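> One-letter residues, chain by chain:
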Amino acid sequence: MTKNKSNDLPHDLLKEDVQASRDRLVSGFLQQLAWAIGSILLALVIAGLLMLALGFDPFSAYFNLLRGALSNPDQILWRATPLIFTGLAVALAFKTGLFNIGAEGQLHIGAMVAAVIGAYIALPIVIHPIVAILVAAIAGGLWGLIAGLLKAYRGAHEVVTTIMLNYIAIIITQWLASGPLMDLTPVNPFPQTYPILPTAALPKLLTSNFVHMGFILALLTILAVAYFLNKTVLGFEMRAVGFNPTAAETAGINSKRTLALSLGISGGIAGLAGASEVLGTFGRFVAGFSPGYGFDGITVAVLGNNSPWGVLFGALFLGLLRAGSISMQVTAQVPIEMIGVIQGLIILFVAAPRLIIWLADKGNIYAQWIEADWKKATPIFLTTVMGLIIGFAAFGIGTTQLLLLTSLATQSLILGLPLVASLIAVDLIFIFILGIIGLAAFISLMRGNMWGTILTLVVAIALPIIVIATPLMLSGLGPIFTSLGISPTPFLIQWNNWRIPLGVVGIIGIAVSLASFYLMRWKGVVVGGVI
Amino acid sequence: MQAGQIDILLLVGIIGYTTLIAATPLILAALGGMFSERSGVVNIALEGMMLMGALMGAVGSYFTGNPWIGIFYAIIVGGLMGLIHGLVSVKLKGNQIVSGTGIIIFAAGFTTVMLWVVWGQKGVSDPVIPIPEIVIPPLLGVPILGPMFGSQSPLVYIMFALIPICWFVLYRTSFGLRLRAAGEDPSTLDSAGVNVETVRMIAVILSGCLAGLAGAYLSIGFGSSFSRNMVAGRGFIALAALIFGNWTPFGVLIAGLFFGFLDGLKIAIQVTPALGFLYPFNLWLRMIPYLGVIIALGIIRRSVPPKAIGVPYIKERGV
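Note that the protein sequences, when read in sequence, are chains A and B. Under my numbering, think of the first position of the first sequence as 1, with each following residue one higher. Under my numbering, think of the first position of the second sequence as 1, with each following residue one higher.
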């Protein structure tokens, strides 16, 4: 068989071009932005799939998230304010090679100190918040310095010590707010301290608006940190230690002192976050006021590639997520905690830069393949994309239909109708949809070689069998469970929960058919067959 | 017994019991961390893996009515988390600590979402069937051993059995040798013809399985429900136990028992009426294990971590 150029794809052809475009990609600011945005998009897609599998509607979720955030743009800035501080704190420590996951604790200490100074010390109008913020920063800094000293002089891993200090700080502040400093007057489920004096409050930027002076302070802190890292001796030393501790030590930098100071300064910035929240938003210390700003700071720093201006980008993005999350929960009924899932996924994707490079390479290869041999490439490409869309859409319809049928199923249970009948009704929809997927895959692959056809057939036939067999088997097993003394009631009563196992089966089905697509195409191309 | 007078034997027995129940998840997770870290992969994701294990343990027990299936689910989901951590930090050469943090944040969000999906609430799950305890009637009357082992979860015995098994795997099998070599000197292992990445992947997945088991102990071994963020830093205490135990199975046992003792004190005080004068300090008692970890890490001599820990192994640079 003569091997012509197009049949060698995607492995040999155009390697230089791919290399060149990769070089373009890996250099400079644009690459970092692409990296961050790519990670965000990937995370949103995966989180969307998870939502589908759990029976939520991801389109409605994302739509309402965006609508909620954009209809209140001031909320984005307001929510981003503490995240800028904590993000800067994490990023600054990271520049020294330290991983400060203790921003949460440092923030609590800073908040409590600011609340105490705001409530108990009388000072004139402008000086009062400044003093409160400064002392809060020092307190947060000292809290961070504990971990820094332990790291520098005792070699204690900062990840462990900062987390432990988080718990300690949260317990101490909670104790203060529910004991010695507790304000008993208002009816409030959370322990809280007395309100700060009006002189200490950070003014709002505009009336009837959430954004307060803390946001300006945050922007100034970005400038200060950028200046500190790039233009001062200590900043340079910190970056040197982060880059290579041994070399820095050889060059005469006291790396221990630098490490300790780094966590101290980082803690100080995190303390600012607490102070700005107390003085600008809450007006007092309320236990549990932070929905994990310290941990959000990690996402922000990771997303911003630990650069001060990147932190601003990351904080604004996360502020957008947080601002829209309420609307997402109320309208799309997706729990707010889904934001945490998205954040975790973003961090995982940013942590794996090679994944993005790999994906970009793939995209390049496909693009050049289509360019080089569009007659063969286009149908394959289109069927794959269509198969994907149909697969996921069908999956979404399947889960929502299932949700509607759950009430019917429960009613039929109450009316004494046969269980199996309603089960089959539910399953028929699933089978129908999976049949469409299988058919689409089958038609597209019929034109290929034997392997692809067989694989597709296996997928198309096996999946419905699995889907129909699982509930039937389980309902058939019900009496057996009972005779064994194990209660099957959670299975038989909680119809609502059926969507989880079914969703998992569906996800596996999509994965398997995708894999067969891929294997098929790869086989076809490499062996030299025409799909 | 008169008020104010403390039955020492009973108190020792109760403290022994709370030490065991608090130490079991720590030791299980730390053993998991040991496999991962000895192979050269930092695993701060233990916390997240435990949380997922705790959730899936409860979910499995809830849906099937059989807590052992819950344990199975927990081990599988822990291994899956380990797989993700391995893919990101071993295969894709990502930063291991960043990857671990990602898993922790993911797990914290995902478990709460699942609480809402399965049980319709965000705080605590419905009660699920826990693993039945092994009761040894003749021991029940014995002073100190009675409270400790008279009626104890089988997972505690499994934990004790796993320590020599882990020691054997780590020091007496070729897999263990390769695993340790991957953590100390991966390039030598590579030149010996062993795939460093595969060894590390297996180690991280194994680590996740053990952490998942540790999490399941929290939800269906000791307790009988899953609650939000129920791991409460135990994954990190397990990491501290691993460091304190110098990355060896028996060191992990001792360190884990020590931290378990600190963690269990508050339960011991709650169930001992004679120590009632300590009740108002409940919040402070919760702080004991966290403070203990910091003090312990502060006073130990520098322990020696595996040499290649935290560094992704890159076989050759360039394409």
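Hints listed in this document are in silico derivations from the structure and should not be mistaken for laboratory results. Do not rely on the hints blindly, as some may be mistaken.
[Stated by the list, open to error] For each label pair, taking beta carbons as the anchor points, the in silico distance ranges come out as:
1. 307(B) x 185(A): 38 to 46 Å
2. 189(A) x 177(B): 50 to 58 Å
3. 134(A) x 145(B): 38 to 46 Å
4. 190(A) x 69(B): 33 to 41 Å
5. 246(B) x 120(A): 58 to 66 Å
6. 295(B) x 134(A): 50 to 58 Å
7. 185(A) x 69(B): 47 to 55 Å
[What the hints assert, rightly or not] If the Cβ cut is set under 8 Å, some of the chain B residues that face chain A in the computed set are:
8. 44
9. 108
10. 110
11. 236
12. 250
13. 254
14. 290
Bear in mind the structure is a predicted one, so any value in this text is a computation, not a measurement. Even for Gly, the Cβ is constructed at its ideal location relative to N, Cα and C.
> Could you run down the list of hints and mark each one as holding or not?
Quick rundown of the hints versus the structure:
no.: 1; hint: 307(B) x 185(A): 38 to 46 Å; verdict: 60 Å, violated
no.: 2; hint: 189(A) x 177(B): 50 to 58 Å; verdict: 57 Å, holds
no.: 3; hint: 134(A) x 145(B): 38 to 46 Å; verdict: 58 Å, violated
no.: 4; hint: 190(A) x 69(B): 33 to 41 Å; verdict: 39 Å, holds
no.: 5; hint: 246(B) x 120(A): 58 to 66 Å; verdict: 48 Å, violated
no.: 6; hint: 295(B) x 134(A): 50 to 58 Å; verdict: 30 Å, violated
no.: 7; hint: 185(A) x 69(B): 47 to 55 Å; verdict: 52 Å, holds
no.: 8; hint: 44; verdict: 5 Å, holds
no.: 9; hint: 108; verdict: 6 Å, holds
no.: 10; hint: 110; verdict: 5 Å, holds
no.: 11; hint: 236; verdict: 5 Å, holds
no.: 12; hint: 250; verdict: 21 Å, violated
no.: 13; hint: 254; verdict: 18 Å, violated
no.: 14; hint: 290; verdict: 4 Å, holds
This entry does not satisfy hints 1, 3, 5, 6, 12 and 13, going by the numbered hints stated previously.
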